[in-house]
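Novice: Spelled out from the first residue to the last, the chains are:
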Amino acid sequence: MPESPRRSLRLGVAGPVGTGKSSLIATVCRTLASELSLGVVTNDIYTDEDARFLRSAGVLAEDRIRAVETGACPHTAIRDDVTPNLIAVEALEADYALDVVLVESGGDNLTATFSPALVDAQLFVLDVAGGGDVARKGGPGIARADLLVVNKTDLGPYVGVDVAQMVVDATAARDGRPVLALSRTDAASVAALADWVRSVLAARRAGTHTPVDPGPMAPHTHADGADHAHDHSRAHAH
Amino acid sequence: MVAEVVVLMLADARLPTGGHTQSAGLEAAVRAGLDVPGVAAYARDRLRTVVRVEAGTAVVARHLALAGTDPLAVVPHWAARTPSRALRDVAGRTGRGYVRLAERIWPDVVGLLPRDSETPRPVVLGVIGAVTGLSAGQVARLTAYDDAQTVVAASLKLLPVDPADAAGWLVGLQPDIEACVTAVADLVAPDAIPACGAPLVDSFAQQHVTERMRLFHA
Chain A
0 MPESPRRSLR LGVAGPVGTG KSSLIATVCR TLASELSLGV VTNDIYTDED
50 ARFLRSAGVL AEDRIRAVET GACPHTAIRD DVTPNLIAVE ALEADYALDV
100 VLVESGGDNL TATFSPALVD AQLFVLDVAG GGDVARKGGP GIARADLLVV
150 NKTDLGPYVG VDVAQMVVDA TAARDGRPVL ALSRTDAASV AALADWVRSV
200 LAARRAGTHT PVDPGPMAPH THADGADHAH DHSRAHAH
Chain B
0 MVAEVVVLML ADARLPTGGH TQSAGLEAAV RAGLDVPGVA AYARDRLRTV
50 VRVEAGTAVV ARHLALAGTD PLAVVPHWAA RTPSRALRDV AGRTGRGYVR
100 LAERIWPDVV GLLPRDSETP RPVVLGVIGA VTGLSAGQVA RLTAYDDAQT
150 VVAASLKLLP VDPADAAGWL VGLQPDIEAC VTAVADLVAP DAIPACGAPL
200 VDSFAQQHVT ERMRLFHA
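Each protein sequence line maps, in turn, to chains A and B. Residue numbers for the first sequence follow numbering that gives the first Met the number 0, so the first one is 0 and each next one is one higher. Residue numbers for the second sequence follow numbering that gives the first Met the number 0, so the first one is 0 and each next one is one higher.
Don't read these hints as lab results, they were simulated from the structure. Among the hints, a few may not be true.
Derived Cβ-Cβ restraints for the label pairs, each shown as a range [said to hold, decoys possible]:
(1) 3/B x 170/A: 34 to 40 angstroms
(2) 79/A x 173/B: 24 to 30 angstroms
(3) 177/A x 68/B: 56 to 62 angstroms
(4) 106/B x 90/A: 21 to 27 angstroms
(5) 212/B x 5/A: 31 to 37 angstroms
(6) 8/B x 177/A: 49 to 55 angstroms
(7) 79/A x 3/B: 32 to 38 angstroms
(8) 61/A x 106/B: 35 to 41 angstroms
(9) 170/A x 37/B: 52 to 58 angstroms
(10) 204/A x 134/B: 45 to 51 angstroms
(11) 31/B x 52/A: 56 to 62 angstroms
(12) 11/B x 132/A: 38 to 44 angstroms
(13) 159/A x 84/B: 50 to 56 angstroms
(14) 116/B x 52/A: 30 to 36 angstroms
Note that beta-carbon positions come from the ideal geometry of N, C-alpha and C, so glycine has one too.
Could you put the whole structure together from the sequences, leaning on the hints where they help?
Specialist: Here you go:
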């Protein structure tokens, strides 16, 4: 199918409940709304809690933030059946000339990652308050999301977590993929997050970005439109 | 493709059409006070009223498509029998999910219906039935079964229900599903579509769209 000229960069934000996905999206919007045209689709368990948070943050026009119901199936909504989310994303793209649409997963468990049928790239969000050992638990999002965010680093001293060690553990779990230690009170980390979004957008526009499925084996689409199944370059069990 | 397999696919919640977001109005009914003992009766009441409108619309849309006439001609007849704006919007949004999938797996459907449009779900189901060789009875039974199963499955998310009890309700609803099939399977004319409403279903649907804490789209 030919890609619509209005097609945006679709960016997924996944991670467990309470790790700061909505807050991260608000931070991205606050930082980039003056230079990029943005939209947000939320998938909260109860429809519009996250959408209301983002609207009340006042970082985007209300109509650019849309809530999609998931029937208490947040995992299904971003992976097995992305239909309602795709329709919402396309409706936003049709209504506004958007550079980036951020799709926020309803908080689920460590196995929930976005299908490449829905997003071009995805962030997986952990937070230090969830425990320093979470990064070592692994899972597709931690290991293979395009960016792993270790959020709320400012809370480290209060929850007894060695943030530097958590980042080291996370990096070790990711085979060289990027990890960002983020705090919304740390301007340098916020700038690094914004730079990452800009870099993915630039790569997608240049046709050099390849959507990668962090989950189990599944065909995915390259920037050149070619479908293929993963080759099994690494041994693993089925 | 064997028609029976098409029916099985369409009746399977794993088919990616967004079915997991639907409760056939049960969430709003529960909020209005419906409890576990009322779930099967709620599904039965739907099969005797609003589902006959849906199933009749699907059967007539299938007939129009097979007759070489525009299946969208049935839309105003369906809309006149669906007074809730909220329910018409939901039918359009869910219909869009089916059209989107059909474009990939049953592309003849988009020769008969506009792409990326909010064509009401029963019209889309009827047209899918026409291009995949389903009988009128299969289209009607699919519509009726899917509605009952949507209610029953959503009850597991909304109320303290034993899943095996829920499956038992579905078995118990079979005579009502067949009665719905019998009532609409022979229809060919849009004006013959049953016009049997359930005012509370419309009222609940209108309330649901303004509700903040929703699990389900409708």
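Novice: Does the Cβ pair residue 31/B, residue 52/A satisfy 56 to 62 angstroms?
Specialist: 28 angstroms, violated
Novice: CB of residue 79/A to CB of residue 173/B, is that within 24 to 30 angstroms?
Specialist: Given about 28 angstroms between the Cβ atoms, the range holds.
Novice: Range first: 32 to 38 angstroms. Now tell me if the beta carbons of residue 79/A and residue 3/B are that far apart.
Specialist: 24 angstroms, violated
Novice: Does the Cβ pair residue 116/B, residue 52/A satisfy 30 to 36 angstroms?
Specialist: 32 angstroms, holds
Novice: Does 35 to 41 angstroms hold as the CB distance between residue 61/A and residue 106/B, or does it fail?
Specialist: Distance hint for residue 61/A, residue 106/B holds at roughly 37 angstroms.
Novice: Is 50 to 56 angstroms right for how far apart the beta carbons of residue 159/A and residue 84/B are?
Specialist: For residue 159/A and residue 84/B the Cβ distance comes to about 54 angstroms; the hint holds.
Novice: Range first: 34 to 40 angstroms. Now tell me if the beta carbons of residue 3/B and residue 170/A are that far apart.
Specialist: Taking Cβ atoms as reference, residue 3/B and residue 170/A lie about 53 angstroms apart, which means the hint is violated.
Novice: Falls inside 38 to 44 angstroms, the C-beta gap from residue 11/B to residue 132/A?
Specialist: 39 angstroms, holds
Novice: In this structure, is the beta-carbon distance linking residue 212/B and residue 5/A contained in 31 to 37 angstroms?
Specialist: This hint holds: roughly 33 angstroms between Cβ atoms.
Novice: For residue 106/B and residue 90/A, compare the CB-CB distance with the range 21 to 27 angstroms and indicate the outcome.
Specialist: At roughly 23 angstroms between Cβ atoms, residue 90/A and residue 106/B fall inside 21 to 27 angstroms, so the hint holds.
Novice: Using the beta carbons of residue 204/A and residue 134/B, state whether their distance is inside 45 to 51 angstroms or not.
Specialist: Holds - the Cβ-Cβ distance for residue 204/A and residue 134/B, about 50 angstroms, lies within 45 to 51 angstroms.
Novice: With 56 to 62 angstroms as the target window, see if residue 177/A and residue 68/B comply at their CB atoms.
Specialist: Holds, since residue 177/A and residue 68/B (Cβ atoms, about 58 angstroms apart) stay within the stated range.
The structure fails to meet hints 1, 6, 7, 11 from the earlier list, while all remaining hints are met.
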